[in-house]
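A.B. asks: Take the sequence shown: its letter number 107 is residue 107 in the UniProt record's numbering, and every next letter is one higher.
Think of the hints as simulated: they come from the structure by calculation, not from any bench. The model shown is predicted, which means the values in this text are computed figures rather than measured ones. Just so you know, not all the hints are guaranteed correct.
[Claimed, not checked] For each label pair, taking beta carbons as the anchor points, the in silico distance ranges come out as:
| hint | residue 1 | residue 2 | range |
| --- | --- | --- | --- |
| 1 | K5 | M160 | 40 to 46 angstroms |
| 2 | R199 | K145 | 43 to 49 angstroms |
| 3 | P100 | N66 | 42 to 48 angstroms |
| 4 | M198 | T151 | 43 to 49 angstroms |
| 5 | W196 | G153 | 43 to 49 angstroms |
| 6 | A247 | W169 | 36 to 42 angstroms |
Cβ coordinates follow ideal geometry from the N, Cα and C atoms, glycine included.
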Amino acid sequence: MTAKKKSQSLLKELTTSGISVSAANIVTLPLDVLKVRLQLQAASFSSRGKERSGGQARGLIATGANLIRQEGFLALYSGLVPAIGRGLTYGGIRLGTYSPLKRALGGDEEHISLLRNLVAGSIAGGVAAAVTNPLDLVKTRLQSKDNPYKTIGQVVSAVMKDEGVAGLWAGTMPSVLRAAALTATQCASYDQAKQWWMRTTGMGDSFSTHFGASMVTGLATTTVTAPVDLIKTRMFMSGRRKYGSVAQCAVIIVKEDGPFGLLKGWSAQYMRLGPQTTVIFVVMEQLRRRSGLDAL
Numbered sequence: 001m002t003a004k005k006k007s008q009s010l011l012k013e014l015t016t017s018g019i020s021v022s023a024a025n026i027v028t029l030p031l032d033v034l035k036v037r038l039q040l041q042a043a044s045f046s047s048r049g050k051e052r053s054g055g056q057a058r059g060l061i062a063t064g065a066n067l068i069r070q071e072g073f074l075a076l077y078s079g080l081v082p083a084i085g086r087g088l089t090y091g092g093i094r095l096g097t098y099s100p101l102k103r104a105l106g107g108d109e110e111h112i113s114l115l116r117n118l119v120a121g122s123i124a125g126g127v128a129a130a131v132t133n134p135l136d137l138v139k140t141r142l143q144s145k146d147n148p149y150k151t152i153g154q155v156v157s158a159v160m161k162d163e164g165v166a167g168l169w170a171g172t173m174p175s176v177l178r179a180a181a182l183t184a185t186q187c188a189s190y191d192q193a194k195q196w197w198m199r200t201t202g203m204g205d206s207f208s209t210h211f212g213a214s215m216v217t218g219l220a221t222t223t224v225t226a227p228v229d230l231i232k233t234r235m236f237m238s239g240r241r242k243y244g245s246v247a248q249c250a251v252i253i254v255k256e257d258g259p260f261g262l263l264k265g266w267s268a269q270y271m272r273l274g275p276q277t278t279v280i281f282v283v284m285e286q287l288r289r290r291s292g293l294d295a296l
């Protein structure tokens, strides 16, 4: 393959991946907002479930109803613009570089292909998260309750005023860890689930296979990434001052809410990540087919 064809192929990988993730982000944004609210709500509760400032912890449905009642329906789409921008950039890099990295690493033998896929996914996800961390931070702050910001520029200005340019990369480490775990789990498990689905059902590389395999993938991905996602959200909202490191943040969460506190917001995350994973892979498989790329 010539250099020109390689660059065109990479551009197609990045474009199809970015569009797929952006479409999924739009569909599941309300659940992403609820997930953030649940994760931040947990910071105000002791392990007994009592809010330090009074009141009771709310679940997914109650949190959604309360949000709509107090802030209106459109609050469910807080952070829409950075979510789309992040999907095009972060999503494009994260999934768009996975296949090229997988091919570069080689090793198609069955006993090492899973390890190769995990390594490729970890690298792709980690690099994408590090590069696009400011977009993720801005999106999270716009989605928080009672945030004083109306635009992306206001968030950026406030962060830079308080913490400097480096503040835009607060929470980068948990973000990178989550993205590495997410991409490795999502892509590797989709590869495995897709092969398993075709062997079990006798179906070919079809829409039904893509749909079924991606649903299985969503469950595995949510469970692996939930604790890191919670830590990332807490560090995004508190900056560098409250939590000095990923480990310190995790210790505080466990101390205040117990070990299962690390799974706070799991239901909202699965309800978002399950459908999101399905939309991503179903859309991406169709776009890849139409753009002349090989199936995943």
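A.B. asks: Next, verify each hint and record whether it holds.
C.D. replies: Tested hints:
1. K5 - M160: 40 to 46 angstroms: holds, 42 angstroms
2. R199 - K145: 43 to 49 angstroms: holds, 47 angstroms
3. P100 - N66: 42 to 48 angstroms: Since P100 and N66 have Cβ atoms about 45 angstroms apart, the given range 42 to 48 angstroms holds.
4. M198 - T151: 43 to 49 angstroms: Distance hint for M198, T151 holds at roughly 47 angstroms.
5. W196 - G153: 43 to 49 angstroms: holds, 47 angstroms
6. A247 - W169: 36 to 42 angstroms: Because 18 angstroms falls outside the window, the suggested range is violated.
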